[in-house]
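Asks: Working from the sequences, and respecting the hints, build out all of it.
Single-letter residue listing:
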Amino acid sequence: MHPVLETLQQQFPIIIQSVNEDPQRHELSAQVERGGWGDVAQFLHDDPAMAFDHMTDICSVDYPDDFERFEIIYHFLSLPHGTRIRLKVRVTEDDPSLASICHIWAGANFLEREVFDLMGIRFTGHPDLRRILMPEDYDEGYPLRKDFPAEGKGWRSQMDFIPRLDEPVSEWSADEIPSDQRHQFMAGDSPDESKRTTEMLLNMGPQHPSTHGVLRVVLELDGERVTKAVPDLGYLHRGVEKLAEGLNYMQILPHTDRLDYVCAMTNNYAYVRAVEKLVGITIPERAEYVRTIVAEMQRIVGHLFWLGTQALDIGAMTVFFFTFREREVLLDMFEKLCGARLTLNYFRFGGVDSDLTPEIIASLKEFLNTFSAHIEEYDTLLKENRIWLARTKGVAVISGEDAINFGLTGPSLRGSGVAYDIRKLEPYGMYDKVEWEVPLGKAGDTYDRYWIRVEEMRQSARIIEQCLEQIPEGPIIAEDAKVIPPPKPDVMRDMQSLIHHFIIFTQGFKPPKGETYCATEVPKGELGFFLISDGSPRPYRMKIRSPSFVHMGAFDHMARGYLISDIITIFGTYDIVMGECDR
Amino acid sequence: MVGLDLFSDYLSSYSAILIFIIIAFGFGAVTLTLSWLVQPKYPETEKLSTYECGAEPFSDSRMPFPVRYYVIAMLFVIFDIEVIFLYPWAITFNQTGLIGFIEMMIFIGLFVVAYVYAWRKGALEWD
Amino acid sequence: MLDFGVRFALTVSQIGVVMVAVLLTVAALTLLERKVLSWMQDRMGPMEVGPYGILQPVADGLKLFFKEDIIPAGANRVMFMMAPVLSLVPALIGFAVIPFGPNWTVEIFDVEFKPFIISDINIGILYILAFTSIGAYGIILGGWSSNSKYSLLGGLRAAAQLISYELNVGLSIVGVLLLTGSLSMVAITEAQAGGFWNWYFFAFPFPQAIAFGVFIISAVAETNRVPFDLPEAESELVAGFFTEYSGMRFAFFFLAEYANMILVSCVATVLFFGGWQAPFTFLQGTGSFMWVSGIFWFAFKVSAFLFFFFWIRATLPRLRYDQLMRFGWKVLLPIAIGNIVLTAIFAYIFPGS
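Chains as they are written, first to last, in my numbering: chain A, 441 to 1023; chain B, 2 to 128; chain C, 43 to 395.
Hints were generated in silico from the structure; no laboratory data involved. Heads up, a few of these hints could be off.
Within a straight-line C-alpha distance of at most 20 Å, the following computed DMTMM-like cross-link-like pairs (lysine to aspartate or glutamate) qualify [stated by the list, open to error]: (1) Lys105(C) to Glu90(C); (2) Lys668(A) to Glu45(B); (3) Lys372(C) to Glu57(B); (4) Lys528(A) to Glu508(A); (5) Lys372(C) to Glu126(B); (6) Lys864(A) to Asp819(A); (7) Lys805(A) to Glu768(A); (8) Lys668(A) to Glu681(A); (9) Lys122(B) to Glu90(C); (10) Lys833(A) to Glu47(B); (11) Lys882(A) to Asp842(A); (12) Lys953(A) to Glu580(A); (13) Lys109(C) to Glu45(B); (14) Lys593(A) to Glu580(A); (15) Lys528(A) to Asp974(A); (16) Lys922(A) to Asp793(A); (17) Lys372(C) to Asp81(B); (18) Lys805(A) to Glu913(A); (19) Lys953(A) to Glu681(A); (20) Lys528(A) to Glu446(A); (21) Lys833(A) to Asp364(C); (22) Lys593(A) to Glu508(A); (23) Lys48(B) to Asp111(C); (24) Lys48(B) to Glu90(C); (25) Lys42(B) to Glu110(C); (26) Lys668(A) to Asp793(A); (27) Lys586(A) to Glu905(A); (28) Lys528(A) to Glu461(A); (29) Lys682(A) to Glu895(A); (30) Lys109(C) to Glu47(B); (31) Lys42(B) to Asp111(C); (32) Lys668(A) to Asp364(C); (33) Lys805(A) to Glu685(A).
Bear in mind the structure is a predicted one, so any value in this text is a computation, not a measurement.
Replies: Shown next as structure tokens:
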């Protein structure tokens, strides 16, 4: 047995009800008794042999037939040891409450709120337990419970909170939002009106030019200085996790395109990897190379998009057009590859949809030849521009410890000097076959994160170049009649293929009973899919660990004390996409 | 009569400016009126509501604002008056000679002292 | 009485010509700015309305003219309606004292008339400074009266920014006044005659190049252009002080901004680059050709400044508010004062130049 599980069992012989080490997927999990959860969590964080300093995700599952109906599943990662662990706690329907772990991992704040919002679990000791994705006055229940219909409750147009066009014109009134509702956005604890005459509460978003979609942040301002920033999420919540429970595994794939809609490839990749891990499929070598290449192309696209918009937000308008020029070239290649430019839906279980043609490879090589010159071009506009330096250096500083504590991942974490890149830590694809480096920042400020992303584009180009040299001939999709649809020509000729095709497309394939968490490094950070299969063609529960959502949890921490102009910079420096944040 | 001529010259150059001001205001008024006559008018609650990114405003925006803006305004008034004193001196520089030069250097010295004081006091810091 | 009538008619037509010229230039500038920016950014800019999009300003103007003018319910109506006009008028009337060409006097029906300057008042530059300051009221009132927090913040930013940089404008031109000994725009232009080495940017005994630097930076800030466009910073304050404006009132703020841009370019040309004077006297021409070349050189220099405005918009990111204030008060102000002292010393040592 794994030493972590052994220690846990020795330390908490009663509280730890059972431990499990998945031999196939190398995943550790333990069932924890609810009463001792706080102690176990503290131990996991503090003990040097454990050192689970990074909170990955919190998931909740509903088992309506069980006595302890709800299961809350925590994923932790130990950055010093590189181990992941999954802890499960059961609570009953009568008393769905559990000790909060916000004080141990600050990143748990938003994740616990999400569980409360969607499943109705109350976390005792949570500082601000409110709905987060659903509207605050939503009283239709908890959407992720199994007794909530997957098709929703009623039509949106019939709900009474939406203003109707046929209503008569009402007089404008200077109604103010009462102080008890304002209180939650105020920095101080006292709602005493008399003490706060100069502070202004300002809505930034959802309809704002630079909140990157429909993010709303309520700023408490003292002049131009931000004393508190409360993100209000959920304006783009579509309930992908709930939808997934009604779809079979293959039908979910297009939905992942629409999570982080600027980087669809990597979303596909993350999801497909999770399902492959669950089912246990080996992928042909050429397919792995193609996957690595397109994933890195997508990373370049994502970072170019980020660089352009961040520069535009800060006012450097030209960079935006320059980066979009290069992005366009890559999107054209995607179009040639799979017919789409944004919502690509290119990955398949066991491989990819279509092969790289010599034409695409040639244009990709040509692009790589000129790309480093283009990066130099962006640098000439930004890297030595004193205004750019003044706007990014020392802005939105987050220390390495804080970044880990908030569960940041990707460039946001590496900007603070923490070398956590899933492509290095748990190599997948062909990342261990090529030479590349993980750029690390020092100061943890916006400039470092900018530098890291630019450097990552260079590294991605390097990876693609090496992959293009090494890529062998061969099939681009694995053969597994039960899971992967047979090639179309066979379907028309071969009876057995026709049957498999029919079964897969009418019923879907049935993965074995089990659960798995699979993390993938996407341009924004760690995108994880947690799948629970009950042996049916549809996932019993799918949880998306989206980096944007977790990063928003650190927003207040990062924004306090900066000016309004910096808030825009901070929106940008996270690289948030609301489609992924709200899901 | 010479004085009167000068006066009428003076008046004529300023009357042109007065006419210009009237014409400029007239341009504004006429354009706005014409536009008002041809434009559609469909007022509606949501359209007339204050823009705050699509969310309900928390409060009226007529509120006291921080004193820093006021400090900057005060500094401006003080310094701008001193700048105005520099103008006549600059115009008559060739006629006032050494005395004028030294006097004005003293004046600028006082200006600099006030400036350094404001700087040291932190009045020029935005925070 | 006839005298008066003729003078009045001449003045009105002169003002009419200048105003039409300024408004047409503004219309052309809106298009040119987009075109210049897009050429710098690898794109084509407006292409749809008319050949190469040259009718775009007409389309924009018509759209704004026929657009509903929304006055928010919570706004202070009178001030809200007045603010754009208050912003536009000072920007326009500043042109009254700009000498567009040689200081000639022609006699039409026995009335002495100066065709290239509306009014040669002896406090020309002071007049421009005074009226551009009034333009700030339009912005501040517009921001405050909208009763929107974004407008309010934009208005507050504008208030602090405009007055801070106005001080620098005022200080930076003292050097020129020292060398000229006059506040009249005509006299300042004429003092720079005889070739480009006599322009105050280069002139003996103390070139006003530093003053020019302070002036042009402050002028960019005064006109709310990138990188000092904080009062209307799109990505932060949506549209700043004119967030709530629409239709023709919005257009007025826009006109005012561009008219101000032209005005400060004219002022920079007159103060530092010899106004309508050609860089070499032989390029000036003689006789009646002089006014053609005079207007050409004036327009050329002003266009160069306008191009400079577009250029920095394509190049520079926006400053942050505290950086803007710090730069104005702690960098530009000492430089401007130092320039005055140095100019005074040099002008004292080498008098009569």
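Asks: Confirm or reject each hint.
Replies: Against the structure, the hints come out as follows:
no. : hint                   : in the structure
1   : Lys105(C) to Glu90(C)  : holds, 15 Å
2   : Lys668(A) to Glu45(B)  : violated, 34 Å
3   : Lys372(C) to Glu57(B)  : violated, 40 Å
4   : Lys528(A) to Glu508(A) : holds, 12 Å
5   : Lys372(C) to Glu126(B) : holds, 9 Å
6   : Lys864(A) to Asp819(A) : violated, 27 Å
7   : Lys805(A) to Glu768(A) : holds, 15 Å
8   : Lys668(A) to Glu681(A) : violated, 31 Å
9   : Lys122(B) to Glu90(C)  : violated, 57 Å
10  : Lys833(A) to Glu47(B)  : violated, 41 Å
11  : Lys882(A) to Asp842(A) : holds, 14 Å
12  : Lys953(A) to Glu580(A) : violated, 32 Å
13  : Lys109(C) to Glu45(B)  : holds, 15 Å
14  : Lys593(A) to Glu580(A) : holds, 8 Å
15  : Lys528(A) to Asp974(A) : holds, 17 Å
16  : Lys922(A) to Asp793(A) : holds, 18 Å
17  : Lys372(C) to Asp81(B)  : holds, 16 Å
18  : Lys805(A) to Glu913(A) : holds, 18 Å
19  : Lys953(A) to Glu681(A) : holds, 19 Å
20  : Lys528(A) to Glu446(A) : holds, 17 Å
21  : Lys833(A) to Asp364(C) : holds, 14 Å
22  : Lys593(A) to Glu508(A) : violated, 26 Å
23  : Lys48(B) to Asp111(C)  : holds, 11 Å
24  : Lys48(B) to Glu90(C)   : violated, 30 Å
25  : Lys42(B) to Glu110(C)  : holds, 6 Å
26  : Lys668(A) to Asp793(A) : violated, 47 Å
27  : Lys586(A) to Glu905(A) : violated, 48 Å
28  : Lys528(A) to Glu461(A) : holds, 14 Å
29  : Lys682(A) to Glu895(A) : violated, 38 Å
30  : Lys109(C) to Glu47(B)  : holds, 17 Å
31  : Lys42(B) to Asp111(C)  : holds, 8 Å
32  : Lys668(A) to Asp364(C) : holds, 19 Å
33  : Lys805(A) to Glu685(A) : violated, 41 Å
Hint compliance for this structure: hints 2, 3, 6, 8, 9, 10, 12, 22, 24, 26, 27, 29, 33 are not met, and every other hint is.
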